[in-house]
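A.B. asks: Residues per chain, in single letters:
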Amino acid sequence: MESNDSLFLPEQARIIGERELTSNTKLFDLNFENGKELNHEPGQFVELSIAGIGEAPISVTSSPTRGTPSFELCVRAVGNVTNALHRMNVGETVGIRGPFGTGFPAEELKGHDLLFIAGGLGIAPLRSLINYVLDNRDDYNEINILYGCKKPCEQMFEDEVSNWARRQDIYHEATVDYCPDEVCWEGNVGVITELIPGVDIDLDETYAVVCGPPVMYKFVLQELEKKELPHDQIYLSLERRMKCGIGECGHCQINGAEEELYACQDGPVFNYERIKGFEEAI
Amino acid sequence: MKPESVKPKVAFFDFAGCEGDQLQVANMEEKILDLIEVVDVVNFREIMTERSEDYDIAFVEGSIATDHDAERLQGIRENASWVVALGSCAAIGGINSIRNSQPYDLVQDRVYGDDADKIEAWDVAKPIDAIVDVDGYVYGCPINQDEFVHVVESLLQGKDPNIPTYPVCVECKMNENVCVFARNPEKNAANIKAAVDNGSPAESGPFCLGPVTRAGCDSQCVNEGTTCWGCRGLVPNPNENAHQEVLEKYGLSVDEVINKFNLYFGWQQEELKNEQ
Amino acid sequence: MSNNVNIDVEYLTRVEGHGNIKVNAANGKIEQCEWQVIETPRFFESMVVDHSFKELHHITSRICGICSIGHTLASLRATEDALDIDISRQDELLRKLVLHAENMQSHVLHVGYLALPDLMGTGSVLPLASSHPEELKTVIRLHRLSNEMSELIGGRTTHPQRLIPGGFSKIPTEEELVDLREKLKNSTNDLTACADLLAETADGFPNFERETEFISLTSDDGYALYDGIIASTDTGTYPVEDYLGVTNEYVVEQSTAKFARNNRQSYMVGALARLNNNYDQLAPMAKGVAERFGLKPVNHNPFMNNVAQLVEVVHNVRDSIKIIDTLLDEGLEPQDDYYEPEIDVKPGRGVGAVEVPRGILFHDYTYDENGICTAGNCVIPTNQNHANIQKDMEKMVPNVINMKPEDEIKLDLEMLVRAYDPCISCSAHHLDVEFVDD
Amino acid sequence: MKAIGKAEFSNFVDELIADDPREVIGVQAKSNKFAFDPLKSAEDLRLDYDVTILPPKKYFMPQRETLVKYNTNEGEMTAVNEVIPRIIFGIHPYDLIAIQQMDKVFEETHSDENYLAKRRESVLVGVNMKNASEWSFAHTMGTATTDSGYDLMLTDIGDKYAVEIGSVKGSELLEEAKSQLDDVGMEEIEKVREFKEELPDKFRDDPEFDPFELPRLLSEYYGKDGFWEENAEDCLSCGTCNLVCPTCYCFDVKDVNDITLTEGERLRTWDGCMLEAFAQVAGDENFREEKAARYRHRYMRKGRYMYNKFGDIACVGCGRCSEQCVPDIADPVDVFNQMKEGTNGI
Ligand SMILES: Cc1cc2nc3c(=O)[nH]c(=O)nc-3n(C[C@H](O)[C@H](O)[C@H](O)COP(=O)(O)OP(=O)(O)OC[C@H]3O[C@@H](n4cnc5c(N)ncnc54)[C@H](O)[C@@H]3O)c2cc1C
Ligand code: SF4
Ligand code: SF4
Ligand code: SF4
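Protein chains in written order, with the working numbering: chain A, 907 to 1188; chain B, 20 to 295; chain C, 476 to 913; chain D, 237 to 582.
Relax, there's no trap hidden among the hints.
In silico SDA-like cross-links for lysine to any residue, where the CA-CA straight-line distance does not exceed 20 Å:
#, chain 1, residue 1, chain 2, residue 2
1, A, K1124, D, N522
2, D, K490, B, S173
3, B, K50, C, R619
4, D, K460, A, E1186
5, D, K276, C, L807
6, D, K276, B, E195
7, D, K266, C, E649
8, D, K276, C, D811
9, D, K545, A, I1181
10, D, K490, A, S912
11, D, K266, C, D812
12, B, K206, C, D812
13, D, K490, A, R1003
14, D, K266, B, N203
15, D, K305, A, R1003
16, A, K942, A, G973
17, D, K305, A, G960
18, B, K50, D, T496
Here are some chain B residues the structure puts well away from chain C; computed CB gaps all over 10 Å:
#, residue
19, E90
20, A208
21, I211
22, N256
23, N293
Don't read these hints as lab results, they were simulated from the structure. All C-beta atoms in this analysis are idealised placements derived from N, C-alpha and C, irrespective of residue type, glycine included.
Build out the structure end to end from the sequences listed, making use of the hints.
C.D. replies: Printed below as a string of structure tokens:
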């Protein structure tokens, strides 16, 4: 970035596509006005900005291998910026800064077995890596995808998910915490941790990649612990409050016994070995 | 989001209060003209004759202390999509709640003497959210115009206004005031020493409620040379005990501390007690 | 014309607080004609009890947002009287200045935003934004000037902060005063424009007179606002301490506020009363405006109160310039930014009387040896006017009842009440208090 | 080193106030305290102050700063960087060191022009401490003097100020006072040396720790049962200790709109990690909900994080937090001593 540039001036991106995924989550397809590419890595995020409302960090959910130069954001309406975005229409513009942060180590994972564990909206950042891996299928070994939601209507990317289920070269399991009687659901019922014991894990070869709501991590990690998966073979993507995305504002700092990390720069993707002693992390 | 072509209709109502908050709105001068660009003011008894029962946003000023007022407020609630408490009397009971801690027969007697029976009012004054659901709050006695604008602007844009949850000290420090507790070091030191030596301070000390009061006023009273009186009410999680200790350490008696907390916090303290 | 009249104005608009007008006439005979005050009581005289002398002005300022500066000053004067606190001449001049600011703000608001729409036949000031944009901007400019002035001296337009027992916590700088003086001088055109505007529309005021008593402060030192003694057009002067003997408040069924009477069944306070008592002390330019409207003492048309308010605005501006000149000539004595005067606390009772926009205001406190209030009493101008409003209505209705349609009668009555600029929200307290013996 | 008579120095400052296009800032009395404020006259400059209420960081990272302006109708956003060139008189060494730490943050993380441009356009005139606040422990932190970070550095040596030149900017500023400058001899150099030698006596003598053990001590105390809870018990979560600290720079960003909803600004404002909502995210999740967690976090920042990142201990010992914390619980000496004594005892 040129030194005369403001770090805080977003670039304009136009909404070129919009799709409802669940009652409160939408997928947005965006294109920079100036035609440039985002050039992100799976697991990185952008600061999404709406003038008059504010900014929010959002993971890029599309894989850099697909659909470029446009990129996709999967956004749940929970607050000011996200609600405002949901009210916007195709053709309107938003501001984008980024991509920021350290994403998944796609290189390091090459040649290994992968176990994806996604809870709810956690699928958003994972989808980027999953599709990246599928587009470079030969570089990776076995692929397991576990995806859990509260209830069937909250499952997202149904077409892609059913594609995973159809593919022979992927092991995929979906689960919901509960299923209302009137809804037809073919997957499992129960929390996502219940799926983990059923997965065959080659302890030397498997990397687990986990993303979900804060409460999920503790229980998933307990299950992986039972499997004795080495800690440095687990990657997690964490959420924190962020006001700049670039390591200045101080909000996303996580303190540990020996060191402290910034979710926006050192993360949002962390190796579990590195943060396991951090009381504040999980 | 742009304001829709149909402007939202805004109404102002007042109950027991000084109407100083509506005056703050009237005092916006030219900005009022901007305001009526984006909303239709359909009811503002203080400055206009027309009135309409058809409105979207109701700003309500003043506390509730009679059955008649409570019914009127319920009517407003039914008509409006959004009810916003305007000012401390409506939002937290405000100065009206001073009397809540006084025995009601004494209150009546002091003011109306033998005619007390002619007066019908509740034994306590309540903020409006004790009667109806409230969608937004503009704190302050009087309200801060910028915050009012922010709340209106937020409502129009469908976002939650950003109302500070931190105490007044934050703004006070940003304004680089000399803290009330640092203005008279000799006297403070003597007080603290006396408290240590004989168990009670020598002289009534300084007081500031800034450390437990919700910010948003830009620490205006301290800027003007006085002290934070607590008019915007308590922060969501006040450390009242620690603050009480501070006030006592600097020389306030327990009674004095209670009196200061009662200036504006009367109703909120009752609520905190009930929660526990 | 209207043999049967049923006027029921609930929550009269464009006044402070809540008041109803009820008129009932059948076959030309009046059955009911009432000015009702229905404000929820707020019990200030009880709220002040047990609080420190340092807090009383803060609490009683909340009696009324519109005259919060006046209430603060009356409160401080009562406290200073009770505790024998002297304030410096500089502080006194600054207080006079801030009182001018409030008086001006309130009058501009009343004449420009509240009364003018009646005269122009609109329901509020808002339509003037498109029909009379220039006139409206003139009014807004004056209004803003007065607010800037009260902010500069009092630290805030409403519920001022800098006014404290013994003086000021913070004072303006000389540069700020020079700047303010310049702005006040430059407002002459706006003042004239306002006078023109009112003059164009003044024939809209009903031609109505009723002889009554006018009470205000008066002083040898000038047009009395901040200090003086009580003066009545009927019965002469009284010391401020004797206010209870003048105000004689009493309870009526139709009102949560009290009514007052002195020599007659009612009396009037406010701008017109002040003008009637102290006309000769007006600034020359203000007198000029009064003459333009043919306003001479003693005037008995309550609608002329609006004109009297405009005259006072001019006086406020001119006298403020004079005060600033004095302050600058004498040189502003600097003081600390967080000044708190040393005060020796002693028991005592004190009365403070100040002319606020709507008339003479009394605060009366008793303190114990720790400076804690044991009793308080406030007599508010609007309370003193209620009876006069009632009497005016009683005279006006029979005159018009067979001559005008109900709508016009209703408007006349509303205008009548509004002419008093009643501040009902603050008038709805106090009746009698037993005073603890000194 | 040069020297300038005190009267000549006053003239020099007055001339700058009158003629220099830049804003001239200096330490002045504010009631019974001191503050950096625009100077109206050299008379008001108080180079004998103990400590200012706020550090001079407010000139490089203002309390409220517009980053972006936008017009919602046209969907246009423009970057804003309002830079007022300034000459700032009277910065104590610990504050100069704090500014150098901030420079690293804003330069090395990214180059943040909103900060850096303001720094570039300022001339910093330091002054060696004639008086110290009773809370200051700059001596312990090694920040009582500094060899860098200033453009000019003054030392009061009686009827003159000794002037050390720290940069080209500094010598350019001195240009205007050239005729009044004296060359210094042994005597003046000796006086400056003596001045610095007497410095340690001005500071409190209770610190028992060495700054560079702090990262280790903090690691030991990170998970210490009850330690942070006890120390934070009376915390009001008021953020005073953050806001007054010369090395605190955390910020919030918010949009402020005008009533017509067309124009608005994105503001950066000071924030504080001691405030309850600092680590709160949507859905009411708060990663540092307890005041003890926030209290610990602040110490981790001061004593370890900046050290790990830049090699600096981010407490310069100014004592502002110690003095201004209303319940009197924010004194780093107290907390660091507790850790030091505790570990000694183990
Ligand atoms: C790295 C990263 C990646 C993410 N990826 C996604 C994603 O792909 N999809 C998605 O839907 N979400 C994602 N999130 C979560 C998303 O950023 C939040 O849901 C979003 O910030 C909410 O913004 P908002 O303006 O809608 O919410 P708001 O709650 O209105 O405010 C924005 C943020 O500021 C905080 N805040 C604002 N005002 C206050 C206040 N007064 N007090 C306390 N806190 C306040 C909120 O807690 C919230 O974190 C991600 C978060 C991170 C950190
Ligand atoms: S609000 Fe009060 S206690 Fe807080 S810093 Fe300001 S003066 Fe001190
Ligand atoms: S200054 Fe003191 S009370 Fe305030 S946040 Fe810091 S430690 Fe807590
Ligand atoms: S932590 Fe306290 S003593 Fe240390 S630099 Fe910050 S304010 Fe000064």
